[in-house]
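Generate coordinates for the entire structure from the input sequences, incorporating the hints supplied.
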Amino acid sequence: MTSSPCKFYTIFLFLSFALLLFSTLEVQASICPRLSATWNKPCPHRDTFKCENHCIDKEHAYIGSCQPNGVDLACFCYFAC
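Residue numbers (mature numbering (1 follows the signal peptide of the UniProt record, and there is no 0)): -29 to -1, 1 to 52.
Please note that the accuracy of each hint is not assured.
[Stated by the list, open to error] Estimated spans, in silico, between C-beta atoms of each pair:
#1 Ala8 to Ser(-14): 20 to 28 Å
#2 Ser(-14) to Ile27: 34 to 42 Å
#3 Leu(-17) to Phe50: 23 to 31 Å
#4 Pro15 to Leu(-11): 46 to 54 Å
#5 Thr9 to Ile(-19): 18 to 26 Å
#6 Asp43 to Leu(-10): 45 to 53 Å
#7 Asn40 to Ser1: 44 to 52 Å
#8 Ser1 to Pro39: 16 to 24 Å
#9 Cys52 to Lys21: 47 to 55 Å
#10 His31 to Ser(-7): 23 to 31 Å
#11 Asn40 to Leu(-11): 44 to 52 Å
#12 Ala(-12) to Pro13: 47 to 55 Å
#13 Leu6 to Phe(-16): 49 to 57 Å
#14 Ile(-19) to Ala45: 36 to 44 Å
FYI, nobody ran anything at the bench for these hints, they're computed from the structure. Built from N, CA and C at the ideal position, the CB exists for glycine as well.
Pasting the structure below:
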């Protein structure tokens, strides 16, 4: 019962492809919004750049964004849950 090199090559390619596929799967991290604790002014309409920089620099968040909070816009910072 001899095994052909083609059979070993096919199995090797399949295992290599499976390893590559499983190694590229990433676990998606969940992020949770939280109202900024240090932002004390109105959030600029259509300009979330200032809020984003504030959240990243001052509160060490992943990102920041102006989002509706009741009647007006508020600066929300997004952290890891």
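Hint-by-hint comparison with the structure:
1. Ala8 to Ser(-14): 20 to 28 Å: 49 Å, violated
2. Ser(-14) to Ile27: 34 to 42 Å: 40 Å, holds
3. Leu(-17) to Phe50: 23 to 31 Å: Roughly 43 Å apart at Cβ, these two residues miss the hinted range, so it is violated.
4. Pro15 to Leu(-11): 46 to 54 Å: 49 Å, holds
5. Thr9 to Ile(-19): 18 to 26 Å: Given range 18 to 26 Å: violated, Cβ gap about 58 Å.
6. Asp43 to Leu(-10): 45 to 53 Å: 49 Å, holds
7. Asn40 to Ser1: 44 to 52 Å: 21 Å, violated
8. Ser1 to Pro39: 16 to 24 Å: Check passed, 21 Å falls within 16 to 24 Å.
9. Cys52 to Lys21: 47 to 55 Å: Since the Cβ atoms of Cys52 and Lys21 sit about 25 Å apart, the hinted range of 47 to 55 Å is violated.
10. His31 to Ser(-7): 23 to 31 Å: 30 Å Cβ-Cβ, so the 23 to 31 Å window holds.
11. Asn40 to Leu(-11): 44 to 52 Å: 47 Å, holds
12. Ala(-12) to Pro13: 47 to 55 Å: 54 Å, holds
13. Leu6 to Phe(-16): 49 to 57 Å: 51 Å, holds
14. Ile(-19) to Ala45: 36 to 44 Å: Violated, at about 58 Å.
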